[in-house]
Structure formats: C-alpha cells, structure tokens
Amino acid sequence: MQKEPRLFQEADKTLTAAVDEAIERAAQTAGHELQSLGTGRSPQDYFADAVLRHLFLRLCGADLRTNTGGDPETAWKILYMGRSVTRHWEKERGNSAALGGKKDRQEDIERDKSERQQLALSAQIFVLKTVVRALVDHARASDPEITDRLEAVIDARHARLEGLSEIDREFTERAKSYLSLLTTPSD
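Everything in the sequence shown is counted per the numbering used here, starting at 463 for the first residue and increasing by one.
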C-alpha cells in the first residue's frame, strides 16, 4: 500500500462509488415501499444502515444468514473504535461532556462500568480460546481424531436427552459451533 497509495485510493473511490450507486438503486426500487411503512428515515439512510450492518457482520465473521457465530473480540474492537471516533467528533463540536473527560451522569457511569465488564469478559474469552486452541493443536499431534472424539461427546449428550426440545437442539448446535471455533487449527 505504501508503494502505490494512488492505486489503493482509486480502488477505494471505485468501491465507494459502487456502494453509493447500489444504495441509490435500492432506494429507487424499494424506497416507496419503505416510506409507506413509515420507517421515519429516508430510503437512502435505511439502505446505508443495512450495508453497514452487513459489513459489520462480515468483518466479525458472522453467518450472514443467521447473524450468528461472529467473533466477539472483533466486534468489540470495532465498537471501541466507534466510541473513540464519537469522542473525537464531540470534541470537534466543542461538546462540553467530551471536553470534560469522564462523564458524571449515572447512565454514562453505568455504561463505562458495563463496557469495562464486557472488555474483561472479552479478554477472558480471548485467552481461553487461545489456550484451548494451543492445547488442542498440541493434542492433535498425537491424536489426529481429537476433534471427532470431542464432537462424539456432544452427540452422546444429545442422544441421552429424552423428548428433545427446541432448546436442546439449539444447545447442541451451539456446542458444536463453539467446539469448531476452539478446535479449528490455528494458523
């Protein structure tokens, strides 16, 4: 990128123009239907928001059909970046809350506390995932079938359940999804 910045800038302009054109085309095609539903937003804003949601899910590695399976660490990084940008824009506007540092409103204090708790949880999950992946990689050297054996444990638990409910099925699906996340060989 440093050798040919102009080429990347041109590619970015081309992409941005294509996204803008797609938003306009969608607004022209379905915008009148959205307005009849009373969304309170312009069709362009609605479709731009849809593109943003799609890109967020894609960057987080989520299944775009179900909005599941995304990487929480990536999501938190994006959200923290957004928070930093917001604070910068508040300072640009001379917003006294941003200039005063920490906010004293109860909801801001609670939000900061919640964000710190989420950050701590995200760090714990990251470390746990890293350690488990390393252990599985190490175990795979002597037991190439370890992933299959671990999945068999989940299947055996599922088979022991009587009168399977939707919750039981969802539990099994999520367990297999998390197992896959933890047993995928690290690069």
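Watch out, some of these pointers could steer you wrong.
In the DSS-like style, the derived pairs of lysine-lysine whose C-alpha atoms are separated by at most 27 Å in a straight line are [unchecked claim]: (1) K575 <-> K591; (2) K591 <-> K553; (3) K539 <-> K553; (4) K575 <-> K539; (5) K575 <-> K553; (6) K638 <-> K591; (7) K539 <-> K638; (8) K575 <-> K475.
Honestly, the hints are just simulated from the structure, not real lab data.
Do the hints match the structure? See the list:
| no. | hint | result |
| --- | --- | --- |
| 1 | K575 <-> K591 | holds, 24 Å |
| 2 | K591 <-> K553 | violated, 37 Å |
| 3 | K539 <-> K553 | holds, 21 Å |
| 4 | K575 <-> K539 | holds, 17 Å |
| 5 | K575 <-> K553 | holds, 22 Å |
| 6 | K638 <-> K591 | holds, 15 Å |
| 7 | K539 <-> K638 | holds, 26 Å |
| 8 | K575 <-> K475 | violated, 40 Å |
Figure legend: structure checked against the earlier numbered hints; hints not met, in rising order: 2 and 8.
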